[in-house]
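S.K.: Residue strings, one per chain:
2 protein chains.
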Amino acid sequence: MKIAQIAPLWERVPPPTYGGIELVVGRLTDELVRRGHEVTLFASGDSQTLASLEAVYPRALRLDSKIQERPLYEVLAPSQAYQRATEFDIIHSHVGVWALPLAEVVSTPTVHTLHGRFSRDSGEIFGYHSTQPYISISDAQRQIDLNYVKTVYNGIDIGNYSYYPKPQDPPYLAFLGRFSPEKGPQHAIAIAKKTGWRLKMAGKVDVVDVKFFEREIAPLIDNRQIEFLGEVNHAEKADLLGNASATLFPITWDEPFGLVMIESMATGTPVIGIKMGSVPEVIAHGKSGFVCQTYDEMAEMIPAALELDRKTCREYVKNNFTITQMVDGYEAAYEKVLQGSVKNYPSHPARLYPLPKIVS
Amino acid sequence: MKIAQIAPLWERVPPPTYGGIELVVGRLTDELVRRGHEVTLFASGDSQTLASLEAVYPRALRLDSKIQERPLYEVLAPSQAYQRATEFDIIHSHVGVWALPLAEVVSTPTVHTLHGRFSRDSGEIFGYHSTQPYISISDAQRQIDLNYVKTVYNGIDIGNYSYYPKPQDPPYLAFLGRFSPEKGPQHAIAIAKKTGWRLKMAGKVDVVDVKFFEREIAPLIDNRQIEFLGEVNHAEKADLLGNASATLFPITWDEPFGLVMIESMATGTPVIGIKMGSVPEVIAHGKSGFVCQTYDEMAEMIPAALELDRKTCREYVKNNFTITQMVDGYEAAYEKVLQGSVKNYPSHPARLYPLPKIVS
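Line order of the protein sequences matches chains C and X. For the first sequence, position 311 (counting from the first letter as 1) is numbered 311 according to the UniProt record's numbering, and the numbering increases by one without interruption. For the second sequence, position 214 (counting from the first letter as 1) is numbered 214 according to the UniProt record's numbering, and the numbering increases by one without interruption.
Keep in mind that the hints were calculated from the coordinates and are not lab data. Ideal Cβ positions, reconstructed from N, Cα and C, are used throughout, including at glycine. Hints may contain errors.
Every beta carbon over 10 Å from chain X, so not counted as near; a handful from chain C, in silico [as the list claims (entries may be wrong)]:
| # | residue |
| --- | --- |
| 1 | R34 |
| 2 | Q48 |
| 3 | L63 |
| 4 | V97 |
| 5 | A202 |
| 6 | F212 |
| 7 | E214 |
| 8 | E231 |
| 9 | H285 |
BS3-like mimics (lysine-lysine), calculated; alpha carbons at most 30 Å apart, straight line [stated by the list, open to error]:
| # | chain 1 | residue 1 | chain 2 | residue 2 |
| --- | --- | --- | --- | --- |
| 10 | X | K166 | X | K200 |
| 11 | X | K194 | X | K204 |
| 12 | X | K287 | X | K193 |
| 13 | X | K66 | C | K211 |
| 14 | X | K150 | X | K166 |
| 15 | C | K311 | C | K194 |
| 16 | X | K211 | C | K211 |
| 17 | C | K166 | C | K311 |
| 18 | X | K193 | C | K66 |
Based on the sequences and whatever the hints tell you, model everything.
M.R.: What follows is the structure, given as structure tokens:
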């Protein structure tokens, strides 16, 4: 298949550190190329990819301190991709609402991956384009009624995560994530204090969360029972997760995915999570961790988590949440869209009259 | 001609009070309908127009306090307009960068009116779409090298402005505009103090300008020589301008247009302006006012301004800056684009294969 991938321009593909969407786009794109597809990646010029790179803008927008009106740049990647629409069998957009108007007017079909949670306003805009083909990253994400083609879970490169057969002694619980109220670090601390377990925490403190961190988290960090490691790189992250007896995922909002759960289980460490968002779809309850109704219940399940087989956790990720399954899922979604067998997808008579390539 | 007009959604068309773009779009649209064109206006649902109204969103965005992410809504009007592209001979966009990607991929040509000054970022985005047909609202606005079809000046409905044959006695100078540094109210005051003239000032103080107003303007208002009237409605505005001996336009930036100059001259009051932005194109030097090199020179020209014929000022507006000339200009621009005789406009083989109407 001839496939266009439209990436956000904020970070390059793949991103140097953080950047969930650009990371997924990079892995998807490279694997599609390995599988023999002709892929063109529309991304920032400093990206690195096995696909043909169309440098929409010379470098990642984050690196350009002169940029003040960020939203204006959202038109660039869709604009350049859709001008070449007739070169592709399918266009895969990772840029949210910004591709919607273009997807409606060209004959080449687009499939849109929804990478985050709907906001009030984005939900409104997607609602105006509900018949476009969408891919959700979990079933739980489907809070707005749209034409969903498939759920395709984000997958990791499991080769990047070593298997840790045994947790470290003395034992500890791990928390990894942004230090915002939604991620629940305050609940992780409460669970540790209630049970007497040691807790090691790592992650970013965004500017918007500094007040929360200083008021609710910092006073409880004693660096004996409750440790804060700050931001960690990949190796430190894998170590933190792999050496833990269990990882806590005490979120307070319906997070659409939650890669840290996958990363933990890949190292062999089971995850104890709260029943919100995608957690019930990602944790195999009783096998790779536990899905709990309350934060207290999370604390109660720690002993049971220690009994779970660590090898099983890793196998579970291998069979369900690697790049292999992710790209299998996307290929199936592309086929479904191209066969026109997607429910509610408007039949496009325009397809019979492919838009001629614009001579420039 | 079958014409689509795409208006911003922030205000309804026409706007209840302020809203320069929505005001121009409303006047243009209604006059085109009067001249026999089939016009569809894509705007907020509370708009009032002689054209067919396509209610892109139920009401003006400004009225919806629940909206937090304003930029997302920029896709709505272009999206709905371009899905119907094949119904029109030409699409006239007033929404800046947001129509650019769509204009590039459909066979119906678009003409884009540039309603404001380029920012660093908008200039960048327009630069990526430089071959689209653009209409500037003054020659001075053309600070970025784009494919300009024509300059079409904004026009007023001169019936809305009475003619004031004589200025008021005791005499005064007028200043009308936002109280921001760019509009130069501080220079208007300096000119008045230097010459001993009375000055009457009116206009908005935006939130961002409150500090400037409190520091630089308020201390100089004594309500004897220097008067501040706050915001004024249309009747008060016409009175303020019409009764003045001259209006000062002491801007400090390259303003692309400046409707207050037209409004003043329409009442018969000449304008003394600084040589920046569109001023030299709008003031007929020595006839309807004076274009000065410095603010001091503006002060020196006041006596000469009193000698100018007030009827000539009004005639000058009647012949150049009313809705009639504005719509004449736009009709000519549409013709130019449709004949494909616009310099650099890419020949669109797509035009030979009109995009079939999408069955929904």
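S.K.: Look at each hint and say if it fits the structure.
M.R.: Cross-check of the supplied hints:
No beta-carbon of chain X is positioned within 10 Å of the beta-carbon of R34 of chain C; the least distance is around 31 Å. For Q48 of chain C, the condition that its CB be more than 10 Å from all CB atoms of chain X holds, with the nearest at approximately 23 Å. The non-interface label for L63 of chain C is consistent with chain X: the shortest C-beta to C-beta separation is roughly 15 Å, beyond 10 Å. A beta-carbon of chain X is positioned within 10 Å of the beta-carbon of V97 of chain C; the least distance is around 5 Å.
At roughly 30 Å from the closest C-beta of chain X, the C-beta of A202 of chain C stays outside 10 Å, upholding its exclusion from the interface. Distance check for F212 of chain C against chain X: the nearest CB is about 20 Å away, which clears 10 Å, and the non-interface claim stands. With a least CB separation of 25 Å from chain X, E214 of chain C remains clear of the 10 Å interface cut-off, as annotated. The beta carbon of E231 of chain C is kept farther than 10 Å from every beta carbon of chain X, the shortest such distance being approximately 27 Å.
With 10 Å as the threshold on Cβ separation, the claim that H285 of chain C sits away from chain X holds: the shortest Cβ distance comes to roughly 36 Å. Only pairs whose Cα atoms come within 30 Å are accepted, and K166 of chain X paired with K200 of chain X is accepted, the gap being roughly 17 Å. Our distance criterion of 30 Å between C-alpha atoms is met by K194 of chain X and K204 of chain X, whose separation comes to about 25 Å. Of the supplied pair hints, the one linking K287 of chain X and K193 of chain X holds, its CA atoms being roughly 26 Å apart against a limit of 30 Å.
Between K66 of chain X and K211 of chain C the CA atoms are separated by roughly 25 Å; this keeps the pair inside 30 Å, and the hint holds. A threshold of 30 Å between alpha carbons decides the hint, and for K150 of chain X with K166 of chain X the separation of about 37 Å lies outside it, so the pair is violated. Annotation: proposed proximity of K311 of chain C to K194 of chain C holds, straight-line Cα distance about 29 Å (limit 30 Å). Between K211 of chain X and K211 of chain C the alpha-carbon distance is near 28 Å, which keeps this suggested pair within the 30 Å criterion.
Between K166 of chain C and K311 of chain C the CA atoms are separated by roughly 10 Å; this keeps the pair inside 30 Å, and the hint holds. For the suggested pair K193 of chain X and K66 of chain C, the alpha carbons sit about 40 Å apart, so the restraint of at most 30 Å is broken.
This entry does not satisfy hints 4, 14 and 18, going by the numbered hints stated previously.
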